[in-house]
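Chemist: Let the hints inform the model, and build the full structure from the sequences given.
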Amino acid sequence: MNLRTLAGILLTLCLALLPLVAGPYWISVCVNVGLYALLGLSLNVILGQAGIFHMGHAAFYAVGAYTTAILNTLYQWPIFAAMPVAGAVAALVAVAVARPIIHLRGDYLLIVTIGIVEIVRIALLNDVGGYTGGSNGIFGIARPNFFGFKIVKTVHFYYLVWGMVAVSILLFYGLWRSRYGRALNYIKEDDVAAEGCGVHVTSYKLSAFVLGAFWAGMAGTLYAAQMTTITPESFNFMESVIIFAVVILSGGSILGVLVSAFLFIGLPELLREFSNARMLIFGLAMMLMMIWRPQGLLPPRPRRYHVADSGSGAGGASAGGAA
Amino acid sequence: MEQFFQQLLNGLAVGGIYALVALGYTMVYGVLKLINFAHGDLFTIGAYLGLTLLVSCNLSGLLGPAAAVLAVFVMVGLLVAILGCLLERTAYRPLRKANRLSAVVSALGASIFFQNAVMLIYGARFYVYPDYLRPDFTVSLFGMAVPGVRLMVIAASVLLMLALWAFIQRTRTGAAIRAVAIDQGAARLMGINVNRVISLVFFIGPGLGGAAGLMVGIYYGQIDFTMGWSYGLKAFTAAILGGIGNIPGAMLGGLLLGVIEALAAGYIAIAWKDAIAFLVLILILIIRPTGILGERTADKL
Amino acid sequence: MSLLELHEVSKLFGGLVALNELSFSVEEGSVVGLIGPNGAGKTTVFNCITGNYRPEHGRISFAGRNVTGLRPHALVKLGIARTFQSIRLFGRLPVLENVLAGRHCRLKSGLLASMLHTPAQRREEREAVRRCMEELEFVGLAGHHAEEAGSLSYGNQRLLEIARALASDPHLLILDEPAGGMNDQETVALIDLISAIRDRGITVLLIEHDMRLVMRICEKLVVLENGCLIAQGEPAVVRANPAVIEAYLGAESEVW
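Order-wise, the sequence lines are chains A, B and C. Going left to right, the first sequence walks through residues 1 to 323 as my numbering numbers them. Going left to right, the second sequence walks through residues 1 to 301 as my numbering numbers them. Going left to right, the third sequence walks through residues 1 to 256 as my numbering numbers them.
It should be emphasised that the hints constitute simulated quantities derived from the structure, not laboratory data. All figures in this text were calculated on a predicted structure; none of them were measured in a lab. Check the hints yourself; a few may be wrong.
Listed below are the simulated DSS-like cross-link pairs for lysine-lysine, each with C-alpha atoms no more than 25 Å apart in a straight line [stated by the list, open to error]:
(1) C:K77 - A:K188
(2) C:K108 - C:K77
(3) B:K33 - B:K97
(4) B:K33 - A:K188
(5) A:K188 - C:K108
(6) A:K188 - B:K273
Modeler: As structure tokens, this is what we get:
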């Protein structure tokens, strides 16, 4: 068993048993970490795997949260029924905005995605359509009900959020280890070569974007249900920056995203005793961590393939020597 | 019609400030392909330093408002420029060979650091530039009364831009900067000290940004520690709008963005002006994917 | 009917005419060489055929179908695979995954199947890996399958690009200077490899400066100069053509 698998198992055990030892405060911090892990995992598909410079993930998070809030408070939809719809609405917004801009290069795409966060936030602030409640946001969102079990306590949310993280890890790991995940990596490495090999670059970029947005939308549902009150300021540019930094620091692997989410969300909590200087140290830590590990904490290892040993050396036209 | 011209001039004044800040983004991008997200906060620091020198150090009392503003303009530019160089040395140089996005995260960290440093030093409240620092004459232009400070801001930013343009185009050092922007490796082989050029760019860009911070203080009379985020984002938008890495592009993008915003605020709704600015950016990029003056590089195959 | 036909294809860059009403055809099962001095527009022809450039005028048809202006990925799916003059491998990915990139367009698993690793998806993956290993075997790189592509020698990188192209089941393989950067020994092996590719029933169109290679394996040559066709036909005939001799004379130290 290698080190990384061991670390994964240990982390799972710790997370499963944490509520037994931690107080409510730290459990709520870990709920928050779980939400950022979800956001990080979904952004990782876009930014880490496909290499699309996307710094506007909070926009889709916001769309999901607001969709949930509106469906729940205005139309009395249960939270879990609203969840797929929230994801779908976020995905639809992603299609609409990404379709015309997905071909933009690196930094041009970066500012456009930042612009999207700002446009969404301003639209929410200005109470677009009379549904979003302006700067007051929406309050009175109901607690979710899981087959008759009402999820109220922080510890319930803890298991809900981390359960969702676990499911996401399995799905995204599967995705990474498939032709789909490979195609995203080809695009990140060299999009011209990828297209030349037969990968439909635009459609893969777009679908990565939409998948990430769908997941962020569902994370938004969990956020809305946990907070019961949401305001536009919860989804500002700074949120996007944190999610972006979580993914870059992670190095692009799933375990890396988890560790990185703990560092980014947990660290400011540990720094609480520095009160005002907390964010100052946080900024400094961000710089130091990148200088310390420019490639990120845990870059993904190469995928493994079962290669049948067919006695190589047969029928080679070149003088390809032994490895 | 009068309203239109007033908004236009206001837009040019704000746009000039955006352009000065945008130049810092675009020059750094030109030589390092890095988006210096801390640049907006260097601009904030310029605004605060200006206030400290003028009021707390009582330079305006010693020299009189006009001379003091001029002197402080230069001092702020120099101080922020030095800070910019230090920033490059500590936060970016170790990451020069790393993945570009790692340097971007380091820049974001630097931005958070500076913003909170300003907050810790000065406090979280906003500050007011005293009225007597603002030139309070008005100029009659085509029968309209135009505030003198507006014209002076426009004039100052245009002068700085022209000076920069001349420096980049007419001097040997300027040529070195252009060479490094085109091809670092080739520039090094030609005997150009690339590190020195990069330091210089991190001197000029933040210098202009710091000076722009002082101009905002004098023009609007009010500053706060988060202003770097919004101005920085706008200036970055302006740099992209013009075509990032392109110096005239940043100037044009800044002025254009200022005017678009002013007109949107005047004719549509002030609450939506930022959203409209971004919307225009997106529309322009859909039509011209590399900005207005950006080169349309074909894929090398 | 020819497999590939170019009919009066023109390509402009700004005001510059890179290709001027170029027409030629490639018969099924043949090996055709596209030659000409540097800057004659050879790679531009390739980029038009593979969809990287869109010609301003003219028509390109492949297997009887008009394919002018299709995107590169669509052309790969139709059966046109290419290699690049400046090697474009996915340098940080393993050799095997580079070949799998070529196989990509023949695989069908969608997003959900990929996430869930359904039995059909697993079967397809196993089959794809097996097939790609065969292609690596074919070019002689099977022993390197787990290495980073960027760590291969120059000659082996060229072979890997060929394996990647072959993995997409092409009818037409387009090779842009396959012997570029290879030593003599490697070039000789490459000649055998190209004949083996033809023996598999794959049509080959190649650009090459190494005239020994061209003369030995091409059944037909197409000669370009300044974007215009100046000669085409059997190698021996083309070689004696005065216009061709004129175009090459002094231009380069080509060995005929």
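Chemist: Does each hint fit the structure? Answer for all of them.
Modeler: Cross-check of the supplied hints:
1. C:K77 - A:K188: Holds, at roughly 21 Å.
2. C:K108 - C:K77: holds (12 Å)
3. B:K33 - B:K97: Holds: B:K33 and B:K97 sit about 11 Å apart, inside 25 Å.
4. B:K33 - A:K188: holds (18 Å)
5. A:K188 - C:K108: This hinted pair holds, its Cα atoms lying about 21 Å apart.
6. A:K188 - B:K273: Distance of about 35 Å is beyond 25 Å: violated.
The structure is inconsistent with hint 6 alone, although it conforms to all the rest.
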